[in-house]
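Visitor: Chains H and B, in that order, give the protein sequences. Under my numbering, the first residue of the first sequence carries the number 1, and numbering increases by one thereafter. Under my numbering, the first residue of the second sequence carries the number 111, and numbering increases by one thereafter.
A hint or two may mislead.
As a list, the in silico DSSO-like pairs of lysine-lysine whose alpha-carbon atoms are at most 30 Å apart [said to hold, decoys possible]: (1) K178(B) x K166(B); (2) K36(H) x K53(H); (3) K159(B) x K22(H); (4) K22(H) x K166(B); (5) K162(B) x K178(B); (6) K40(H) x K18(H); (7) K159(B) x K170(B); (8) K159(B) x K178(B); (9) K36(H) x K159(B); (10) K170(B) x K212(B); (11) K170(B) x K19(H); (12) K162(B) x K9(H); (13) K212(B) x K53(H); (14) K53(H) x K170(B); (15) K40(H) x K187(B); (16) K162(B) x K187(B); (17) K53(H) x K9(H); (18) K41(H) x K166(B); (19) K187(B) x K19(H); (20) K159(B) x K19(H); (21) K41(H) x K162(B); (22) K53(H) x K18(H); (23) K40(H) x K166(B); (24) K187(B) x K53(H); (25) K170(B) x K187(B).
The hints are simulated quantities; they were obtained by calculation from the structure and are not laboratory data. Keep in mind it's a predicted model, so treat the numbers as computed, not measured.
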Amino acid sequence: DTEVTQTPKHLVMGMTNKKSLKCEQHMGHRAMYWYKQKAKKPPELMFVYSYEKLSINESVPSRFSPECPNSSLLNLHLHALQPEDSALYLCASSSRDRQFFGPGTRLTVL
Amino acid sequence: GNSVTQMEGPVTLSEEAFLTINCTYTATGYPSLFWYVQYPGEGLQLLLKATKADDKGSNKGFEATYRKETTSFHLEKGSVQVSDSAVYFCALSDAANFGNEKLTFGTGTRLTIIP
């Protein structure tokens, strides 16, 4: 299994909602990542988990809250988002020197 | 810090044309270099990579050579197809930090192939 899966594929939420994005991999990778990608831009790194511990937080606002319940799962909890947070959210995991990306969740904040 | 400068797009070519997308980088140490491709509505897929100087990465007819002397990793394909239409990202990672890599991406080049 060389896949990173993400759910949901699409999400529409209001600014007062709380929602979560989920990511899963079964490749035994011990590093997992969240990226944000705006239209016509490259992905921007948000968080890195290494061995289930948060190792990089790229100064992301606290309305985004990551969680790594185990070595296969990565969540991104969303609360009180702004319309400018609308984007494609990509999850990735890495083996030695290569990252595998999921298909992304297309988030729209109304 | 690390940076990647990528050829501005969009690029439009006819089918069977030769493709070059330029990529140059700035990095400390000995980075690994990558080309990722993103098809419409999808995530990123690794197209090819090279981990040390003079390595050539290749996949699906695409090639790129890690040139340390010119700090470049240009993507080439001899004969493009309509199915190659996508956005291409050049990227580098800090090879000293395996398992916890931070990828630095270029701005992306949108490629459209017309029949």
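Visitor: Check the structure against each numbered hint from earlier and tell me which ones fail, lowest number first.
Guide: 4, 11, 12, 14, 19, 20, 24
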